[in-house]
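Novice: Starting from the known structure of chain A, arrange chain B with the ligands on it as the hints suggest.
Those sequence lines, one after another, are chains A and B.
When we follow UniProt numbering, the leftmost residue of the first sequence carries the number 1, and every step to the right adds one.
When we follow UniProt numbering, the leftmost residue of the second sequence carries the number 1, and every step to the right adds one.
Because the hints were derived from the structure by calculation, they are not lab data.
As the structure is a computational prediction, the values presented were derived from the model and not from experiment.
Among the clues, some could well be false.
Intra- or inter-copy, both count: the list cannot distinguish identical chains.
Derived pair list, reagent style DSBU-like, types lysine-lysine, alpha-carbon separation capped at 35 Å [stated by the list, open to error]:
id, residue 1, residue 2
1, LYS153, LYS302
2, LYS32, LYS220
3, LYS332, LYS302
4, LYS304, LYS198
5, LYS198, LYS332
There are 2 protein chains.
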Amino acid sequence: MSLRSWLSIPRGSHFSLANIPFGIISTDASPKPRPAVAIGDYALDLEAFTAKNGFSACSIIQPHQTVFSQTTLNAFAALGRPIHSVVRKYIQSVFSENTPHSEILKSNTSLQREVLIPLKEVKTHLPMHIGDYTDFYAGRNHAFNVGSMFRGKDNALQPNYNHLPVGYHGRASSVVVSGTRIRRPQGQILENPVATPKQPIFSPCKKLDIELELGALVCKPNKLGEPITISAAEENIFGVVLMNDWSARDIQAWEYVPLGPFNAKNFGTTISPWIVLVDALEPFMTKGLSQETELLPYLREKRKENMYDIRLQVNLTPESGKTTTIATTSSKNLLFSFPQMLAHHSITGCPMNVGDLLGSGTISGLEPTERGALIEQTWNGKDPIRLEGGEERTFLEDGDTVTIKGVCGNNEDSLVGFGECVGTIEAAINLQPHIG
Amino acid sequence: MSLRSWLSIPRGSHFSLANIPFGIISTDASPKPRPAVAIGDYALDLEAFTAKNGFSACSIIQPHQTVFSQTTLNAFAALGRPIHSVVRKYIQSVFSENTPHSEILKSNTSLQREVLIPLKEVKTHLPMHIGDYTDFYAGRNHAFNVGSMFRGKDNALQPNYNHLPVGYHGRASSVVVSGTRIRRPQGQILENPVATPKQPIFSPCKKLDIELELGALVCKPNKLGEPITISAAEENIFGVVLMNDWSARDIQAWEYVPLGPFNAKNFGTTISPWIVLVDALEPFMTKGLSQETELLPYLREKRKENMYDIRLQVNLTPESGKTTTIATTSSKNLLFSFPQMLAHHSITGCPMNVGDLLGSGTISGLEPTERGALIEQTWNGKDPIRLEGGEERTFLEDGDTVTIKGVCGNNEDSLVGFGECVGTIEAAINLQPHIG
Ligand SMILES: [Ca+2]
Ligand SMILES: [Ca+2]
Ligand SMILES: [Mg+2]
Ligand SMILES: [Mg+2]
Ligand code: NI
Numbered sequence: 001m002s003l004r005s006w007l008s009i010p011r012g013s014h015f016s017l018a019n020i021p022f023g024i025i026s027t028d029a030s031p032k033p034r035p036a037v038a039i040g041d042y043a044l045d046l047e048a049f050t051a052k053n054g055f056s057a058c059s060i061i062q063p064h065q066t067v068f069s070q071t072t073l074n075a076f077a078a079l080g081r082p083i084h085s086v087v088r089k090y091i092q093s094v095f096s097e098n099t100p101h102s103e104i105l106k107s108n109t110s111l112q113r114e115v116l117i118p119l120k121e122v123k124t125h126l127p128m129h130i131g132d133y134t135d136f137y138a139g140r141n142h143a144f145n146v147g148s149m150f151r152g153k154d155n156a157l158q159p160n161y162n163h164l165p166v167g168y169h170g171r172a173s174s175v176v177v178s179g180t181r182i183r184r185p186q187g188q189i190l191e192n193p194v195a196t197p198k199q200p201i202f203s204p205c206k207k208l209d210i211e212l213e214l215g216a217l218v219c220k221p222n223k224l225g226e227p228i229t230i231s232a233a234e235e236n237i238f239g240v241v242l243m244n245d246w247s248a249r250d251i252q253a254w255e256y257v258p259l260g261p262f263n264a265k266n267f268g269t270t271i272s273p274w275i276v277l278v279d280a281l282e283p284f285m286t287k288g289l290s291q292e293t294e295l296l297p298y299l300r301e302k303r304k305e306n307m308y309d310i311r312l313q314v315n316l317t318p319e320s321g322k323t324t325t326i327a328t329t330s331s332k333n334l335l336f337s338f339p340q341m342l343a344h345h346s347i348t349g350c351p352m353n354v355g356d357l358l359g360s361g362t363i364s365g366l367e368p369t370e371r372g373a374l375i376e377q378t379w380n381g382k383d384p385i386r387l388e389g390g391e392e393r394t395f396l397e398d399g400d401t402v403t404i405k406g407v408c409g410n411n412e413d414s415l416v417g418f419g420e421c422v423g424t425i426e427a428a429i430n431l432q433p434h435i436g
Numbered sequence: 001m002s003l004r005s006w007l008s009i010p011r012g013s014h015f016s017l018a019n020i021p022f023g024i025i026s027t028d029a030s031p032k033p034r035p036a037v038a039i040g041d042y043a044l045d046l047e048a049f050t051a052k053n054g055f056s057a058c059s060i061i062q063p064h065q066t067v068f069s070q071t072t073l074n075a076f077a078a079l080g081r082p083i084h085s086v087v088r089k090y091i092q093s094v095f096s097e098n099t100p101h102s103e104i105l106k107s108n109t110s111l112q113r114e115v116l117i118p119l120k121e122v123k124t125h126l127p128m129h130i131g132d133y134t135d136f137y138a139g140r141n142h143a144f145n146v147g148s149m150f151r152g153k154d155n156a157l158q159p160n161y162n163h164l165p166v167g168y169h170g171r172a173s174s175v176v177v178s179g180t181r182i183r184r185p186q187g188q189i190l191e192n193p194v195a196t197p198k199q200p201i202f203s204p205c206k207k208l209d210i211e212l213e214l215g216a217l218v219c220k221p222n223k224l225g226e227p228i229t230i231s232a233a234e235e236n237i238f239g240v241v242l243m244n245d246w247s248a249r250d251i252q253a254w255e256y257v258p259l260g261p262f263n264a265k266n267f268g269t270t271i272s273p274w275i276v277l278v279d280a281l282e283p284f285m286t287k288g289l290s291q292e293t294e295l296l297p298y299l300r301e302k303r304k305e306n307m308y309d310i311r312l313q314v315n316l317t318p319e320s321g322k323t324t325t326i327a328t329t330s331s332k333n334l335l336f337s338f339p340q341m342l343a344h345h346s347i348t349g350c351p352m353n354v355g356d357l358l359g360s361g362t363i364s365g366l367e368p369t370e371r372g373a374l375i376e377q378t379w380n381g382k383d384p385i386r387l388e389g390g391e392e393r394t395f396l397e398d399g400d401t402v403t404i405k406g407v408c409g410n411n412e413d414s415l416v417g418f419g420e421c422v423g424t425i426e427a428a429i430n431l432q433p434h435i436g
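In isolation and in its complexed conformation, chain A is listed as follows (with noise of 0.2 Å):
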């Protein structure tokens, strides 16, 4: 089956035959969230597309066709991965040139109309109702920066960090989609941290920071006390996203010892609207970081390249408006895989479910161009860097734009892409009428 389409899909889209990435939409037109698939510059609507008989030729989905109707995509998802592979493919052929099936969509333009809508139309949701999200730590590299800055380059990594992927459960409730603006934080900060006593102050986070990762949400629950295998913690993901991990590394450094960060990182974690699919991944696996101790069993993978080679870049936009990409890097970039990351985090028996989060931990690669949080980039803030317009920066400002950007493959007419993951930072709310 041809990967060229019928419908024009712009050479550089994110959103080629290749990929099939699902979302949660909505319009003005039709406020109600649904699912769709993203194609080109169109979002296709599946819940009218299931109405009007669009899976007519794809009898495995018929009896589930109501998982369409959702206003989340976790009941498709729960479908597992065989059915998506087969919904995905199924799409695929309806979109492909020479279509078997050009009467449900090539040659129906009424349908096209009803079904296609311009993705400038269209208002994306949070794709998936996320029960819990864990945060792991996983980029080395940005791990052995921020520990060298701390505690300076022999110490950098802890003793556990190469002998399991170190991660946080993090907060569901602020897992926001692309393009919610994020307010500034406030909290509790040690000004002065020699000082004794130490006496934290009140105030908005002056250290406001950015964390390049990538998401991955579940597809398959386990039960308490029931860990999920190595070996089978692959069918266990359904999709990957972009992720920023906002986080106040001042209001952390106060708070974080010893139950870990909290407040530093419960205000937002945004993700890119638009899964894509374990399958659409699966031509751009390669290896990643080399371990460099040998693993406990539990958290050995039969499969040696098990990192995806997406290229990542942030951007950064001031409020006055010139774009600097500020990182680009890859997401091999990575100690542990997302299975990894599975099989570890229920090996106790913690049971997870549809919908649930896994961060990656923020992706940095060697050089400082390559660095996926400001905290690294400046150096806590040591080292400003240096903007298109002449604007510096250490940590985020208000209004300050940053949008991140994913990207497999090199043929331009078949990229399976991310779109972007966005957030704009507003100015602290005033609390005085609130605590006053």
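Specialist: Positioned in the frame of chain A, the structure of chain B with the ligands alone reads:
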């Protein structure tokens, strides 16, 4: 209105007419989970009571009666505290010996047979859908003991401890209702912490512990970016349960630096099934531990008596059968109140949802017999405790049952109690077929 009931309520019942706690029940005859209140030795089935016009003399709830045919209490909780208060008082009046509504239940013996189900015939369920769970660490005596153990008395508390309610995001998916069996978790353990290099082994947890806590459940949401003020926070709390935050101390010791406890805490957290409403606890408010530092304004509470004086007890019953009370204390041994935790949690703009669970942190008094965790009681395993019947314990063994009880009040006819929070330890799962 008298707090004596026409229903025979045994002296010493936790569920006197002064209480009226809410839960979710099912029965063999009617397996659909549904709301109920506990009263004496009975559950009042609120779905059946509503269907038979039990609320005919309570006009305020009538537009909302579908809340009592839900499978969780979230919809009822979301109605807000003024309505909880009216509904609780109405149920008290219906059961009062001189009820003005005797036609509703007192003189309607056939309805009594339909809606009053002996508690021993009832299965209880998780009372709310818990979107997010956060565990705090406000038990200052516990924090001091554990800190002393590892860092000595002079550095027992971290510099941030007295300034903010230290907490971490927990795992909502593994919060379970009392009675759920807890499987011993497995994972990475550093058997020899002084060897170089540090090399973990894979093992069932050898230091399985309990944490005696209270849990508070949220009934009012706040929007992303909009903090809950300390003066408003009381209205956001629905009620309180007993909580056992099962903890794997050896897994925790290896994993927790720098991002906090993770697998050590995600294999199970048990809560008691009956949510005691804030209104029922109001008569038992008292002062907590004294603040040693002036708090920042966003944490300053107007009321001085901001803690519950709940008599708490931890019982341990080995498989062989004899029960030992291993700890007794009061829940007033906390440095921060639930409203303070909510104000701190949301000061960044973190959104709280109806059903969110806040854990208090381990509650310990000053005396060794008042310690709410085995790690404190046995000083990390050095001083075993002796059980009735002659066995010793450092940490939990397979087959051990831990029962937490909590009750307020001194008059045996009007106790406000929580019932029990129970869990039994099962042997670790055999992983060979999984990882072999
Ligand atoms: Ca992160
Ligand atoms: Ca705890
Ligand atoms: Mg975040
Ligand atoms: Mg727990
Ligand atoms: Ni949920």
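Novice: Would you mind marking each hint as holding or not holding in the structure?
Specialist: Hints, one by one, checked against the model:
Only within a single protomer do LYS153 and LYS302 lie at most 35 Å apart by alpha-carbon distance; the minimum there is 32 Å, versus 48 Å between protomers. Taking the shortest alpha-carbon separations for LYS32 and LYS220, both the intra-copy value of 26 Å and the inter-copy value of 25 Å come in at or below 35 Å. Proximity of LYS332 to LYS302 under the C-alpha cut-off of 35 Å is restricted to the intra-copy arrangement: shortest distance 17 Å within a copy versus 53 Å between copies. Taking the shortest alpha-carbon separations for LYS304 and LYS198, only the inter-copy value of 26 Å comes in at or below 35 Å, while the best intra-copy value is 48 Å.
When the C-alpha separation of LYS198 and LYS332 is checked against a cutoff of 35 Å, the pair qualifies only between copies, where the shortest distance is 27 Å, while the shortest distance within a copy is 41 Å.
Checked against the numbered hints above, the structure violates none of them.
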